[in-house]
Amino acid sequence: MGEDPTQDGKRFDPLDAWRGVRDIYMDAWSKNMVEMVNTEAYAQATGAMLDTYLTASTPFREALEKAMVKTLEQLAMPSRADVVSIAERMTNIEMRLDDLDAKLDTIQRLVTQAVGPPPQPRKAQQPAKKTVTAKKAKRGKK
Amino acid sequence: MAEATVITDPYTDAAERLKTLTKVMTTKAAIAQTPKELVWTLNKAKLYRYTPVLPKEKRHPIPLVLVFALMNRPYILDLRPGHSFVEYMVNKGYDLYLLDWGAPGPEDKNLKFDNYTLDYMPRAIRKLKATFGVEQFSLLGWCIGAILTTIYAALRGDQDGLRNLILLTAPLDFSNKQGLTFARWTDERYFDVDKVLAAFGNMPGEMIDYGAKALKPVENYIGNYVKLWDNIDDPRIVESWHAMNTWVTDNVPLAGGAFRQLIVDLYRKDKLMRGELVIRGERVDLSRIHANLLTVIAEDDHITPSCQSEPIMSKVSSADKELFKVRGGHIGIMAGSGASKFTWPHIDGWLAPRSK
Chain G
1 MGEDPTQDGK RFDPLDAWRG VRDIYMDAWS KNMVEMVNTE AYAQATGAML DTYLTASTPF
61 REALEKAMVK TLEQLAMPSR ADVVSIAERM TNIEMRLDDL DAKLDTIQRL VTQAVGPPPQ
121 PRKAQQPAKK TVTAKKAKRG KK
Chain L
1001 MAEATVITDP YTDAAERLKT LTKVMTTKAA IAQTPKELVW TLNKAKLYRY TPVLPKEKRH
1061 PIPLVLVFAL MNRPYILDLR PGHSFVEYMV NKGYDLYLLD WGAPGPEDKN LKFDNYTLDY
1121 MPRAIRKLKA TFGVEQFSLL GWCIGAILTT IYAALRGDQD GLRNLILLTA PLDFSNKQGL
1181 TFARWTDERY FDVDKVLAAF GNMPGEMIDY GAKALKPVEN YIGNYVKLWD NIDDPRIVES
1241 WHAMNTWVTD NVPLAGGAFR QLIVDLYRKD KLMRGELVIR GERVDLSRIH ANLLTVIAED
1301 DHITPSCQSE PIMSKVSSAD KELFKVRGGH IGIMAGSGAS KFTWPHIDGW LAPRSK
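Protein chains in written order, with our numbering: chain G, 1 to 142; chain L, 1001 to 1356.
Calculated directly from the structure, the hints in this document are not laboratory data.
Everything numeric in this text was worked out from a predicted model, so none of it was measured.
A couple of the hints might just be wrong.
Stated by the list, open to error - Computed list of lysine-lysine pairs in BS3-like fashion (alpha-carbon distance at most 27 Å, straight line):
1) K103(G) to K1023(L)
2) K1127(L) to K66(G)
3) K1213(L) to K1023(L)
4) K1112(L) to K1127(L)
Generate the whole structure from the sequences, applying the supplied hints.
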């Protein structure tokens, strides 16, 4: 059986001390960063960056969209707007189906209340084995 | 029989660690494994029923419906076998349902809280009641899901038969602007919500993820991976980290209409708590909530601090209400290592006598 390399069963790790220093440093860094992201200046800076990105990218995005729509039109293929429109209509149809489903559930409940529960399916005939057993029992009695 | 001594050199150790690291960083863990069946679906939303494990006579007669946030996957409630709130509650005899919102597509960019609370939720509840022959039910809402369940409870709760309402880390009060980092970031001076939505339609999941992580950047972008590396030889911790990482990186967009309401009506104008929020022409009056209420607050929550969840206790008309504070973060209270010791048993202990 293999023995532990150290007395207490734990290997000596020269990096443990380094890890301790690292954790202290990260805790301090974390607290500073949490304070920093909570400032007005950070909110203003991120807002400005996002705004710049959107302002710069919008013309390119719109141009690309227009070009794509024209290309798809030339290829006789549906555009994103067409697919979105169909998806919206599908959702509307689903809503109508759900309405119908609700009405059917109500009708079913009312019918059940008026007529009573549906009849139970007829019980299957007693298996022949049981009859034979009963006969055997009677014979036994005789 | 003598055990063979395994001799490893530092290079082999490092190679093994790198292999494990690569695996957990590049693959998805097996999550959401509790068996369930689809009961109802509308657009991207789905209502699932978890397969009961107890016979009917041993189950609670009042079903529980779970409603999670719109911009994350709900399987955080059923993360992995042996560490799943869903599994725990099913084993405790609850007839458990999950309303999964799915991921909105470009066609859903106009979906608002109005649609979620007055179209989707009432329809799902109606189907549940019709299919399984129940008149009353309990709702558990978490994060944005708690906003939706609160609005629904105020507008339709009594009418639909809502008996118990559980709110987990519910961001409902936005009056304390100084205490809310998100409120500062989304202030109208710095953040143009219309410009963002004009560009993207829906709020991209990646941007929401950045927002959530940037609240604690060092922990989320560095500390998280350092913790994994330090414990890479412990399969239990690696498995847990892998499952959580699978969930954290699986973001969904937030429907544009709902995002606009969240920022403008709630973060900026605090309309819900002030009684000014109007959903499809109907004012959301929190005093119309009569269901038994349990509000769960995470004491170390940096996303939804307690000042956002506590004030609802004085606004509702519920005769039976309880505020429960538990140590942990926004997600940790339900998916962390202490969840099965503190939060889940407390929810079960509160709900069980109210589900008779």
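Against the structure, the hints:
Between K103(G) and K1023(L) the CA atoms are separated by roughly 51 Å; this puts the pair beyond 27 Å, and the hint is violated. Of the supplied pair hints, the one linking K1127(L) and K66(G) is violated, its CA atoms being roughly 43 Å apart against a limit of 27 Å. With a C-alpha separation of about 23 Å, the suggested pairing of K1213(L) with K1023(L) holds against the 27 Å cut-off. For the hint pairing K1112(L) with K1127(L), the CA-to-CA distance comes to about 22 Å; that is within 27 Å, so the pair holds.
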